[in-house]
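Peer 1: Letter by letter, the chains look like this.
There are 2 protein chains.
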Amino acid sequence: MSAALLDATHDPALTSWVASAQAPCTDFPLQNLPLGRFRPAGSNEALRVGVAIGDDILDLKRAAEASGAGWSAQVLAWLAPLAAGDLNAFMALGAPARRGLRQALSAALRTGSAQQTALQACLLPQAQAEMALPCFIHDYTDFYTGIHHATTVGKLFRPDNPLLPNYKWVPIGYHGRASSIGVSGQAFRRPLGQFKAPDAEVPSFGPCRRLDWELEVGILVGAGNAQGAPLGMAQAEDDWFGLVLLNDWSARDVQAWEYQPLGPFLAKNFASTISPWVVTQEALAPFRRPFTRPEGDPQPLPYLDSPANRERGALDVRLSVALQTPAMRAASQPAQELMHSSMQDAYWTVAQLLTHHSSNGCNLQPGDLLGSGTLSGPAPAQGGSLLELTLGGKQPLTLANGETRTFLQDGDTVVLRGRCEAPGVAAIGFGACVGTVLPALA
Amino acid sequence: MSAALLDATHDPALTSWVASAQAPCTDFPLQNLPLGRFRPAGSNEALRVGVAIGDDILDLKRAAEASGAGWSAQVLAWLAPLAAGDLNAFMALGAPARRGLRQALSAALRTGSAQQTALQACLLPQAQAEMALPCFIHDYTDFYTGIHHATTVGKLFRPDNPLLPNYKWVPIGYHGRASSIGVSGQAFRRPLGQFKAPDAEVPSFGPCRRLDWELEVGILVGAGNAQGAPLGMAQAEDDWFGLVLLNDWSARDVQAWEYQPLGPFLAKNFASTISPWVVTQEALAPFRRPFTRPEGDPQPLPYLDSPANRERGALDVRLSVALQTPAMRAASQPAQELMHSSMQDAYWTVAQLLTHHSSNGCNLQPGDLLGSGTLSGPAPAQGGSLLELTLGGKQPLTLANGETRTFLQDGDTVVLRGRCEAPGVAAIGFGACVGTVLPALA
Chain A
1 MSAALLDATH
11 DPALTSWVAS
21 AQAPCTDFPL
31 QNLPLGRFRP
41 AGSNEALRVG
51 VAIGDDILDL
61 KRAAEASGAG
71 WSAQVLAWLA
81 PLAAGDLNAF
91 MALGAPARRG
101 LRQALSAALR
111 TGSAQQTALQ
121 ACLLPQAQAE
131 MALPCFIHDY
141 TDFYTGIHHA
151 TTVGKLFRPD
161 NPLLPNYKWV
171 PIGYHGRASS
181 IGVSGQAFRR
191 PLGQFKAPDA
201 EVPSFGPCRR
211 LDWELEVGIL
221 VGAGNAQGAP
231 LGMAQAEDDW
241 FGLVLLNDWS
251 ARDVQAWEYQ
261 PLGPFLAKNF
271 ASTISPWVVT
281 QEALAPFRRP
291 FTRPEGDPQP
301 LPYLDSPANR
311 ERGALDVRLS
321 VALQTPAMRA
331 ASQPAQELMH
341 SSMQDAYWTV
351 AQLLTHHSSN
361 GCNLQPGDLL
371 GSGTLSGPAP
381 AQGGSLLELT
391 LGGKQPLTLA
401 NGETRTFLQD
411 GDTVVLRGRC
421 EAPGVAAIGF
431 GACVGTVLPA
441 LA
Chain B
1 MSAALLDATH
11 DPALTSWVAS
21 AQAPCTDFPL
31 QNLPLGRFRP
41 AGSNEALRVG
51 VAIGDDILDL
61 KRAAEASGAG
71 WSAQVLAWLA
81 PLAAGDLNAF
91 MALGAPARRG
101 LRQALSAALR
111 TGSAQQTALQ
121 ACLLPQAQAE
131 MALPCFIHDY
141 TDFYTGIHHA
151 TTVGKLFRPD
161 NPLLPNYKWV
171 PIGYHGRASS
181 IGVSGQAFRR
191 PLGQFKAPDA
201 EVPSFGPCRR
211 LDWELEVGIL
221 VGAGNAQGAP
231 LGMAQAEDDW
241 FGLVLLNDWS
251 ARDVQAWEYQ
261 PLGPFLAKNF
271 ASTISPWVVT
281 QEALAPFRRP
291 FTRPEGDPQP
301 LPYLDSPANR
311 ERGALDVRLS
321 VALQTPAMRA
331 ASQPAQELMH
341 SSMQDAYWTV
351 AQLLTHHSSN
361 GCNLQPGDLL
371 GSGTLSGPAP
381 AQGGSLLELT
391 LGGKQPLTLA
401 NGETRTFLQD
411 GDTVVLRGRC
421 EAPGVAAIGF
431 GACVGTVLPA
441 LA
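Here the protein sequences line up with chains A and B, keeping their order.
Going by full-length UniProt numbering, the first sequence opens with residue 1, and the numbers climb by one from there.
Going by full-length UniProt numbering, the second sequence opens with residue 1, and the numbers climb by one from there.
If we strip away everything but chain A, and leave its shape as in the complex, we get (with noise of 0.2 angstroms):
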């Protein structure tokens, strides 16, 4: 643990006066505080920002506007955009709106909070809202800092040259598609799409035979940087805003024939789902750990190095994956866990992702996602994707039921979960990040 980034809002002894919101029992207990954009389920009210308190939502437009809830002029500043549904100006007043927001907030939802009596009202259960997307996302970016999952699959695409010579050198990325993103609860058809098989003499067009999941974090860009501008690694610290899940779906047979030279484009652009709540960079600071290279790998150079980011640079985000057949659902049975792993195994921190996308005079704007690229462990069968844990198609999973799978079928449902646990500090979660596959267009 990295006891610089600590303060008062990390206190494990903490309690809220939210009843549902005491650790280890909820993803959102006091220490948590992450946002995300609601509004009543089946109402047509405006989106708004709220807080998830254990099983509730704090409405912050309500909270702004609830009489005798005492926050500052400064705070009331700050509630102002997020009442009006817009994080991504938020997001805009960088690290020190969102570290003051985080401090008025862990008082006024404390145990024994003057502003319990005028808050109270403005709670709604997670259950009766409707999420949206966080915030505006304008450009989604997507590395491939999952050296497990490099390796495993340079592999199958590339089995005489895995890994790229400058993979260690270069945090690699590329641009996604942000038309395509939808939050949690995302259904998506199975795409249509053009693919060739090893024996084919020309390819064809149909649904994807080969659809896929990828476990990613989405990392959400804080005040960003004008254009000719870049970030400095202590910039870079200073401004991600926060963390959600991200399933990068992907149709692995559209990707094997499209993608050179130029890179995946429809095996990846029809859907991509993130999980609804923002867990903030301030939350996470007690799961910051060392970052190291493996003996023998090349020292980052200089533009990517810091002192701050070899003491604290890496995140021990806990993930998992879990299936849901329709065989499951129709027998009431939970979704099953597939993998798990944790995002401290990424080849590369926050920091360096925002600094290198910078480091070219790259603008990068409030709200603009980053993914992680896929986080795979270092055992087979901590493989991100079923490219990795089938090997390719070759071995299928067979599940607790006895059904198996090489791809995902029609019907099935991925669930992303991240959790955060360390000794002696609350234990905090992201919720699910939630997708369902429906058949493909007729």
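Please keep in mind that the hints were generated in silico from the structure rather than gathered at the bench.
Fair warning: this is a prediction, and the values are worked out from it, not measured in the lab.
For glycine and all other residues, C-beta sits at the position ideal for the given N, C-alpha and C.
Only true hints are included.
Examples of chain B residues lying across from chain A (beta carbon under 8 angstroms, computed): (1) R177; (2) P191; (3) L262; (4) Q365.
Following the hints, put chain B in place on chain A, whose structure we already have.
Peer 2: Chain B in isolation, oriented as in the chain A frame:
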């Protein structure tokens, strides 16, 4: 020419009461009527959409408000979003609005129009306008339809394998960065980046040494499609809104080192420049040409084929690139033309790009930008980038003033132009797409 698409607005005998709008001496005669977004230079007025006519702009905000202009209720409804500077909202209305507005503007600006008196006061000289991006671009995709470019560059990057097996089957494309797209006049710092010389042990980080331009045409999407509801060829043909010129600036040394396996990233996203005037698909109707494949090449798969596409899918937009060095500028010499080509040589049509892009369910949104890819001509002197014209930097270009160039130097200005000419029709043009390289950050 495809007579089916022509109507009275294409009559070459039509003239405008705007004196500077007489073909062939302008890019913007009455037969063109491109849309752009502007404000009076030096003002802080809100952006609004205007129509280029000769040397002037018809300000659609003032035109909508002009008493006695005599617009119908339907035309006033179309003008409302344009007066508010929201071209995207107008794009979302689809082909009927695009075509209807063209008819109305053609009639209003025609010699003898009863609207002349009311509209005369709504003109602003282009020289007094500050142009902005014509619309909000949420997503930017760059295709690779220039087969001569793909072949020449393929030889440089992969001598043994220049044109990959998928090229003639899949309209290859990848996602680009929307945030750093600027309008003509954009000046940007030479990017810093990571690259590795062939003889170097390890990569280094510093100012790009192989900075290049790329000549492309940008396609702006019209109404687009909902997620999961692909556009068929007929819909795609109707949907694209219009074209702009696009300079896809490229850092070749960064590109060579970073692009595998996921494609170009920081080599491209520091800046991209488009021309300010959107030439609509209706204005381009007289310049449609049959789309054919060279003998022996495969025909497009059925989802990318249609009789209309075969009959008139290609577009004869004639393109050129000119360079003005600081020495030329100091000597008041104009930019020197470096090459010319035609969009007609593209291997895929605009409708094929929209259809392919949405074929997997990916949603295209109004104003999305699709780059054609670099449009080189078949001859070596028709390379659409310095990379091609100098054989990867090995054979410098000698300019008329005795200077030489392999790649761009600080202060260089690159000017893209586009023009459509054919017998018996009024020639139209795109105006210029201008960009300038500033020195790298110290």
